[in-house]
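Peer 1: Chain residues, written in single-letter form:
Protein chains: 2
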Amino acid sequence: MTDQSEHVLALRPIGFVSSPYQSTAEVPKGLGAKHGTEGILNILPQFAEGLADIEGFSHLFVIWAFDRSKGFELLGIPPSDNRQHGVFATRSPRRPNPLGLTVVELLRREGALLRVRGIDMLDGTPILDIKPYLSSIPEQTLRRGWLAEAEARQKG
Amino acid sequence: MTDQSEHVLALRPIGFVSSPYQSTAEVPKGLGAKHGTEGILNILPQFAEGLADIEGFSHLFVIWAFDRSKGFELLGIPPSDNRQHGVFATRSPRRPNPLGLTVVELLRREGALLRVRGIDMLDGTPILDIKPYLSSIPEQTLRRGWLAEAEARQKG
Numbered sequence: 048m049t050d051q052s053e054h055v056l057a058l059r060p061i062g063f064v065s066s067p068y069q070s071t072a073e074v075p076k077g078l079g080a081k082h083g084t085e086g087i088l089n090i091l092p093q094f095a096e097g098l099a100d101i102e103g104f105s106h107l108f109v110i111w112a113f114d115r116s117k118g119f120e121l122l123g124i125p126p127s128d129n130r131q132h133g134v135f136a137t138r139s140p141r142r143p144n145p146l147g148l149t150v151v152e153l154l155r156r157e158g159a160l161l162r163v164r165g166i167d168m169l170d171g172t173p174i175l176d177i178k179p180y181l182s183s184i185p186e187q188t189l190r191r192g193w194l195a196e197a198e199a200r201q202k203g
Numbered sequence: 048m049t050d051q052s053e054h055v056l057a058l059r060p061i062g063f064v065s066s067p068y069q070s071t072a073e074v075p076k077g078l079g080a081k082h083g084t085e086g087i088l089n090i091l092p093q094f095a096e097g098l099a100d101i102e103g104f105s106h107l108f109v110i111w112a113f114d115r116s117k118g119f120e121l122l123g124i125p126p127s128d129n130r131q132h133g134v135f136a137t138r139s140p141r142r143p144n145p146l147g148l149t150v151v152e153l154l155r156r157e158g159a160l161l162r163v164r165g166i167d168m169l170d171g172t173p174i175l176d177i178k179p180y181l182s183s184i185p186e187q188t189l190r191r192g193w194l195a196e197a198e199a200r201q202k203g
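Keeping their order, the protein sequence lines are chains A and B.
If you want this note's numbering, it's the position in the first sequence, counting the first as 1, plus 47.
If you want this note's numbering, it's the position in the second sequence, counting the first as 1, plus 47.
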């Protein structure tokens, strides 16, 4: 283990999200939240060439910045439970590095603009990276931790 | 679409990867690459509390920095093909923002240390964030773009 905690990585947006959500209160959250919302990933003209062949993929990873979140807390109560959990076991915006990750369905590319389904970001959110979504973990091997327990408690 | 291209996000490592790979040449790449390699996510002591309840999840997203990659190219030839593709349609390290994303299987937590399987990072790689892997896209709805075509060409 190297000690490089002084190491700083400076990132710049490659584009911005057009979303119907103007405030976090509007974004569906918690158990059973549906993310079928459509939106647009507007890629800046200088990065548009990097989208070549992206239309062949049905789903994309989008890494983005929680740009309206301030500070972080290591323990917090997520919307899907009434107990606190470690920030790395949740999708809380109040993270040491305010990175968001969303899997979206690519509906259509129009030049430097990607029409997608599955938006959970606010309007104007800076996009940091896009990667093809290639494989998935078979559902029967997945364990969903405190979230499965919270669901069971709320049903019970 | 907001114009905030001057916006800079400064990130710091929350920990570092212990990996058997010392150079990129050692990391399995390209079609059919297997990533069953075990390694350790060493979380810095000041962030360890954020791991609470993480042991309930079988798989984790790890967002990390390609810290030994310099510059980027918008079009490049990935190891899995002999044709060039846009950087956002590949997992190339030479990206506008040098972010890596890996799904790992969590084998065991030992304090601030996570033993995982599925490592494809170099030894000493800075970890930026960890999130629970919660759901997956059903395989029958996935399209894998140029990668499926490259596989077909190489088999044919």
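By construction, these hints were calculated from the structure, which means they are not laboratory data.
We treat Cβ as the ideally placed atom computed from N, Cα and C, and that holds for glycine.
Some hints could be false.
Said to hold, decoys possible - Simulated restraints on C-beta separations:
| no. | chain 1 | residue 1 | chain 2 | residue 2 | range |
| --- | --- | --- | --- | --- | --- |
| 1 | B | ILE124 | A | GLY77 | 37 to 45 Å |
| 2 | A | GLU198 | B | ILE124 | 40 to 48 Å |
| 3 | B | ARG141 | A | ARG141 | 46 to 54 Å |
| 4 | A | GLU120 | B | ILE124 | 38 to 46 Å |
| 5 | B | LYS202 | A | GLY123 | 44 to 52 Å |
| 6 | A | GLU196 | B | GLU96 | 38 to 46 Å |
| 7 | B | HIS54 | A | ARG141 | 40 to 48 Å |
Peer 1: Would you list, in rising numerical order, the hints stated earlier that this structure does not obey?
Peer 2: 3, 6, 7
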